[in-house]
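Q: Sequence:
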Amino acid sequence: MNSVSRMPMAAFVVWASIAVITGSQLPPVDPPSPGEQCPTLHAAAHDNHGHTMWCSHLVDGPDYPVWLYTGSY
Numbered sequence: 012m013n014s015v016s017r018m019p020m021a022a023f024v025v026w027a028s029i030a031v032i033t034g035s036q037l038p039p040v041d042p043p044s045p046g047e048q049c050p051t052l053h054a055a056a057h058d059n060h061g062h063t064m065w066c067s068h069l070v071d072g073p074d075y076p077v078w079l080y081t082g083s084y
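Counting with the working numbering, you get residues 12 to 84 for the letters of the sequence shown.
The set of hints was computed from the structure by calculation and includes no laboratory data.
All C-beta atoms in this analysis are idealised placements derived from N, C-alpha and C, irrespective of residue type, glycine included.
Hints are not guaranteed to be accurate.
Quick list of the computed label-pair ranges, beta carbon to beta carbon [to be verified]: (1) Val31 to Ala56: 21 to 31 Å; (2) Thr81 to Pro50: 37 to 47 Å; (3) Glu47 to Pro19: 38 to 48 Å; (4) Ala22 to Ala56: 28 to 38 Å; (5) Asp41 to Val70: 22 to 32 Å; (6) Ala54 to Ala30: 45 to 55 Å; (7) Ile32 to Gly61: 25 to 35 Å; (8) Asp71 to Ala22: 31 to 41 Å; (9) Pro45 to Ser16: 36 to 46 Å; (10) Ile29 to His62: 29 to 39 Å; (11) Trp26 to Gly61: 27 to 37 Å; (12) Met20 to Pro45: 20 to 30 Å; (13) Trp26 to Asp58: 46 to 56 Å.
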C-alpha cells in the first residue's frame, strides 16, 4: 500500500471518530417535558412551544437532574 491510498482511509477514520464523539451528544428527538430526567446537567433545550428549559437539580426533588423552565419566556 502506498501513501496515496492511505490518505482516504486516514481521512475516513478521523471523520468517523468525530461523528461518534459528536453523535453521542445529540438532543433528544422529542422535546423534553418539565420534570423529565435529563442526560447532562446544565444542558438547554426547547419545549414544543419554543420555551427554553434547563437541566438542573431540584432542591427537594430526585437525586438526578430534570428539565425545568428558566422562568422567562
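Q: Does each hint fit the structure? Answer for all of them.
A: Verification of the supplied hints:
Valine 31 and alanine 56 have their C-beta atoms about 22 Å apart, which keeps the hinted 21 to 31 Å range intact. Separation of threonine 81 from proline 50 is about 18 Å and departs from the stated range, judged on CB atoms against 37 to 47 Å. For glutamate 47 and proline 19, the Cβ-Cβ distance of about 43 Å falls inside the hinted range of 38 to 48 Å, so the restraint holds. Distance hint check for alanine 22 and alanine 56: the Cβ-Cβ separation is about 33 Å, which falls inside the suggested range of 28 to 38 Å.
Checked against the hint of 22 to 32 Å, the C-beta distance between aspartate 41 and valine 70 comes to roughly 27 Å, which is consistent with it. Between alanine 54 and alanine 30, the C-beta spacing of about 20 Å breaks the proposed range 45 to 55 Å. A beta carbon spacing of about 29 Å between isoleucine 32 and glycine 61 agrees with the range 25 to 35 Å that was offered as a hint. Between aspartate 71 and alanine 22 the CB atoms are about 52 Å apart, so this pair departs from the stated range of 31 to 41 Å.
One distance hint, 36 to 46 Å for the beta-carbon pair proline 45 and serine 16, is violated here, with the actual separation near 54 Å. Taking 29 to 39 Å as the suggested C-beta distance range, the pair isoleucine 29 and histidine 62 conforms, at roughly 32 Å. For the pair tryptophan 26 and glycine 61, the beta carbons lie near 33 Å from each other, so the given range of 27 to 37 Å is met. Distance hint for methionine 20 and proline 45: a CB-CB separation of about 47 Å, inconsistent with the stated range 20 to 30 Å.
Separation of tryptophan 26 from aspartate 58 is about 33 Å and departs from the stated range, judged on CB atoms against 46 to 56 Å.
Violated hints, in rising order: 2, 6, 8, 9, 12 and 13; the structure is consistent with all others.
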